[in-house]
Amino acid sequence: MKIRQLLILFTILFAFTVTASSWADLGDVAIFSEGVGWISKENADIQRAIVFDNLKNDVPAVDEVVYKTDAEIGPWAEERIDDDIADIIILFGWVPPTLYTPGNVQVDDSIMERFIYGGNVVLNCADYAFYVSADGGNGDNGLKTIININADMWGGGTAITPTDVGKEHTPSLVNFTSERPFKANQIVDPWSVEAAFGDNGADFFDPGLIKLNESSGRVGICMQEPARGDLPRGQVLIEMINFISQQADVVTPVEPAGKAATTWGHLKAVR
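Counting in our numbering, the sequence shown runs from 17 upward without gaps.
Hints are not guaranteed to be accurate.
What the hints assert, rightly or not - Straight-line alpha carbon distances no greater than 30 angstroms define the calculated BS3-like cross-link-like pairs of lysine-lysine that follow: (1) K72 x K57; (2) K72 x K84; (3) K72 x K183; (4) K57 x K199; (5) K183 x K57; (6) K84 x K57; (7) K199 x K183.
Unchecked claim - DEER-style ranges, computed between Cβ atoms: (8) S188 x P242: 18 to 28 angstroms; (9) D100 x D124: 35 to 45 angstroms; (10) A65 x R244: 11 to 21 angstroms.
Since the hints were made in silico from the structure, they are not lab data. What you are looking at is a predicted structure, and each value in this text was computed from that prediction instead of being measured. The C-beta atom is built at its ideal place from N, Cα and C for all residues, glycine as well.
Given these sequences and hints, build the entire structure.
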């Protein structure tokens with residue numbers, strides 16, 4: 017009987033060890049809802065609170081979870097650009113000017129771009145990623161300038177259903193209509209599609225993650241649409257971060273050459 021009990025105990029301990037080792041350490045998470053786009057401030061604050069109250073319990077790999085204002089989030093991100101662990105910023109459709117000066121005047125080396133290329137993660141909900149900010153915002157060139165590829169999110173009326181990956185990793189995701197999805201065929205080197213949690217059965221996906229090749233830098237979107245305040249964005253964000261924590265490569269910055277400067281420099285010069 018004792019031998020059987022020892023075998024059971026060993027099996028439990030082994031399973032726990034394997035499971036724990038499959039979660040990689042993540043850094044800090046900063047949530048910004050001082051400015052919002054395509055979501056009410058009240059709803060953004062509700063989703064923010066869901067993440068704040070539950071993330072560390074649901075994703076033990078995460079370190080500190082904080083709220084940050086525009087004045088605070090730029091310095092917060094800059095301090096974590098090269099800290100050898102993947103930190104995360106969550107936005108609700110509005111880009112803080114301390115991360116990225118409005119109007120795309122920082123063609124290269126904004127804090128936002130350096131943060132991502134330093135091996136960190138930005139997740140955006142509601143409005144078009146990196147489009148809306150102060151003083152007229154950035155337009156669709158915000159995304160292109162920050163991630164350095166010629167990608168857009170013009171895909172209004174895209175019916176989204178959970179993919180098999182989404183059913184496994186983002187079980188809170190429901191059917192909805194995305195107005196600003198990623199387009200898989202536009203995600204080219206130095207980026208790849210890491211996970212499409214919901215899609216239209218073809219090329220358009222939301223929520224989802226794109227990842228810098230050979231780096232832990234990621235950009236994710238979560239239900240980019242303006243009409244449904246009932247969408248479980250906070251819980252899906254937690255599930256997306258949990259997915260990231262289970263990936264092998266979550267602490268690697270990209271080398272400067274990985275920005276494909278020649279190709280993107282040409283695009284920037286001619287657009």
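List of violated hint numbers, smallest to largest: Violated: hint 9 alone.
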